[in-house]
Amino acid sequence: MKNNTKISNLANEELLQHYIESGDIAFFGELYRRYIPKVYGLCLKYLGEQEIARDAVMDIFSNLTEKVKQYEINNFNTWLYSVAKNHCLQLIRKDKQTIFIKIEDAFVENEDIFTLTDKSQTPEELDALEYCLGTLPEEQRKSIKLFFIEEQSYADIVDVTGYALSKVKSYIQNGKRNLKSCIVKILRTPQPPKGVVK
Amino acid sequence: MNIKDYIQGKRHGKEANRLEREAMNDPFLQDAIEGFDSVPDNHLPVIEELENRIQKKSTKKTTRYRIWIFSAAASLVLLLGITTLMRKDKLPENDLVHQTTQPASQAKQQLIEGGKSILDTLEIVENKKNMAQNIQKVKPESTRYKKIEAIEAIEEIEEPVDNTEPVALNVKAIELKPIEMEMDTEKQITEPVHVQIRGTASVQKVLAEKVSGIVLDETGQPVIGANVKFKNNFNKTITDMNGRFELPMMHQDKTDQLVTSFIGYESKEISVPGDSAIIRLKPDNLALNEVVVVGYGKRRKSPTFDKVKVKETFSGQVAGLDVNNKSIIKNFSEKEFKKYFDQNRKQNICDNERGILMAGFYIDDAGKPTKTEIINCNCKELEEEFLRLVNTSPVWTKTNRNVIITIRLK
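Chains as they are written, first to last, in the working numbering: chain A, 1 to 198; chain B, 199 to 608.
Derived by calculation from the structure, the hints in this document are not laboratory data.
Glycine is no exception: its CB is placed at the ideal position from the N, C-alpha and C atoms.
Be a bit skeptical, because a hint or two may be false.
[To be verified] Distance condition first, Cα-Cα at most 30 angstroms in a straight line; then the derived DSBU-like pairs of lysine-lysine: (1) A/185 to A/142; (2) A/6 to B/202; (3) A/94 to A/69; (4) B/254 to A/6; (5) A/169 to B/408; (6) A/85 to B/254; (7) A/142 to B/544; (8) A/142 to A/169; (9) A/69 to B/533; (10) A/85 to B/208; (11) A/180 to B/255; (12) B/480 to B/533; (13) B/536 to A/85; (14) B/566 to A/169; (15) A/142 to B/536; (16) A/142 to B/208; (17) B/536 to B/480; (18) B/408 to A/145; (19) B/544 to B/569; (20) B/212 to B/254.
[As the list claims (entries may be wrong)] Cβ pair distances, simulated, as ranges: (21) B/407 to A/50: 50 to 58 angstroms; (22) A/165 to B/223: 50 to 58 angstroms; (23) A/12 to B/440: 50 to 58 angstroms; (24) A/14 to B/442: 42 to 50 angstroms; (25) A/50 to B/440: 31 to 39 angstroms; (26) B/439 to A/165: 47 to 55 angstroms; (27) A/165 to B/442: 55 to 63 angstroms.
[To be verified] Residues from chain A shown here face chain B by an in silico Cβ test under 10 angstroms; the list is partial: (28) 30; (29) 81; (30) 94; (31) 156; (32) 185.
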């Protein structure tokens, strides 16, 4: 399918760079193509209908071919996210007077959020983590452990625990938040809580 | 793992977990997954279709792309014309050609007229070299396919266009897109042909014309809801809130009359205008006769009887008729009898003797006095009168005791 294997081997950042330098639409086309599942999914979420979402994906592409050159883009993913989201919201605004935004949007987490196992951690942090896991409610602790330590997917956890899918998601979400506040509190207090753990 | 696999249902295992964790830190991915989950369907074909479209869009160079379309269109027009001419005698079974056959001059005239009106908005391409086309080199099977396409697109052209004469052609670029992909025009250009393609006008369809206009009253106000119709056709419409109307027009309607009517106004007939018409209606002078409304009173029926009072004076006995008021008196004893006696006795009796009478009797089961006994009486007339009235007195209240009556005349 790809005529130009060279282009498809380039990384996202390189594609963007080449496009801005040369203006050759082939580079940007390839970059955008890689994001189509995400953009289409996003449009589905906000617009709700396949036909409209499909048109929106194409519209966003033709809007961006010019726009991309005008901005200094550090993170294409987040940039595209906000542009695509705005496009969808504008479509909704045109269509309806009121916009319904799901409450879950409020819980979307930021990149700087605490990650449990992604980073290497100091012994103090691990101790704190272990202690705080113990303080969580049963469902949250179970879900968190399965998700982050045993690396099971939501669907796996549903199978193992028998909780509903939406419950699993919220257990992990809430558990993560509780863990974070607990760990931050412990690491800031002068006395290490080791005695308490044992 | 790829999001495409994930939405295809591969949601187990570490790979799925990795994507889910990625989504936690990437709201874009989070939203996308939510979006796919919110509309349950197989989204993969749509995604692939979109990917193909984007790829196609980005791999073609737009400037050349356009010229290719026009050159392809031009060559097709030529191709069509010549092959039609050549095949006209040989292939009478070609329905398409037969249906739309018209004199070349007329067809050309229509094309030019159509072209003029839209020329301003067209992109003019005059690239004679690129337009050139050697028909011999086109592959026969693709020729046939393209020819049919072209006949649909350009109905008016039936006779071959003279190669040396510039002709304004109307070609709808969009409809010719698929042809472009099959032809590689660059290879086929061998000798220049003098064809001038002027623009990308849409196909001239005689049927798709419309007549429109506005209907106004005598003061210049729009008339809402006025009927507008062709005189000899069933097509009709009514004017909108602004007095405007639009009526699709068939070919034969062009020579027809347009009839506008509205209640209270004279109908108006005009010949069908070329584009837009302003129709002014005059008020109808036929006034209605004066109407007189008369009100009538209504008489109400009411009963006219008076109440009939049965008085004591009706008392008495007539054969076959018993009218009395005995039954009306519920309680009749000594006191009532004295009253009865005073009212019914003969006057002027025993006035001199200051008559006095004392009598006793019993009441039988029928309420009649019995065993009447005069205890004391100083006047014969009084005694007779008393006995008469005791026997004719109303029904007494029943009692077992001995009733004693003393009457003193005043």
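Hint check:
1. A/185 to A/142: Roughly 22 angstroms separates the two Cα atoms, so the pair holds.
2. A/6 to B/202: The given pair, whose Cα atoms are some 23 angstroms apart, holds under the 30 angstroms limit.
3. A/94 to A/69: holds, 27 angstroms
4. B/254 to A/6: holds, 17 angstroms
5. A/169 to B/408: violated, 60 angstroms
6. A/85 to B/254: holds, 25 angstroms
7. A/142 to B/544: violated, 126 angstroms
8. A/142 to A/169: Holds, at about 12 angstroms.
9. A/69 to B/533: violated, 130 angstroms
10. A/85 to B/208: holds, 27 angstroms
11. A/180 to B/255: violated, 47 angstroms
12. B/480 to B/533: violated, 100 angstroms
13. B/536 to A/85: violated, 116 angstroms
14. B/566 to A/169: Violated - the C-alpha atoms of residue 169 of chain A and residue 566 of chain B are around 109 angstroms apart, more than 30 angstroms.
15. A/142 to B/536: violated, 115 angstroms
16. A/142 to B/208: Holds - the C-alpha atoms of residue 208 of chain B and residue 142 of chain A are around 23 angstroms apart, at most 30 angstroms.
17. B/536 to B/480: Not OK: residue 536 of chain B and residue 480 of chain B at ~102 angstroms, beyond 30 angstroms, violated.
18. B/408 to A/145: Cα-Cα ~71 angstroms, so violated.
19. B/544 to B/569: holds, 24 angstroms
20. B/212 to B/254: violated, 35 angstroms
21. B/407 to A/50: 50 to 58 angstroms: For residue 50 of chain A against residue 407 of chain B, whose Cβ atoms are near 36 angstroms apart, the range 50 to 58 angstroms is violated.
22. A/165 to B/223: 50 to 58 angstroms: violated, 20 angstroms
23. A/12 to B/440: 50 to 58 angstroms: holds, 54 angstroms
24. A/14 to B/442: 42 to 50 angstroms: violated, 57 angstroms
25. A/50 to B/440: 31 to 39 angstroms: holds, 37 angstroms
26. B/439 to A/165: 47 to 55 angstroms: holds, 52 angstroms
27. A/165 to B/442: 55 to 63 angstroms: holds, 56 angstroms
28. 30: holds, 7 angstroms
29. 81: holds, 4 angstroms
30. 94: Where the cut-off is 10 angstroms and the nearest Cβ of chain B is about 19 angstroms from residue 94 of chain A, the hint is violated.
31. 156: This hint holds: residue 156 of chain A lies near chain B, its Cβ roughly 5 angstroms from the closest one there, short of 10 angstroms.
32. 185: violated, 22 angstroms
Consistency note: the structure conflicts with the earlier hints numbered 5, 7, 9, 11, 12, 13, 14, 15, 17, 18, 20, 21, 22, 24, 30, 32.
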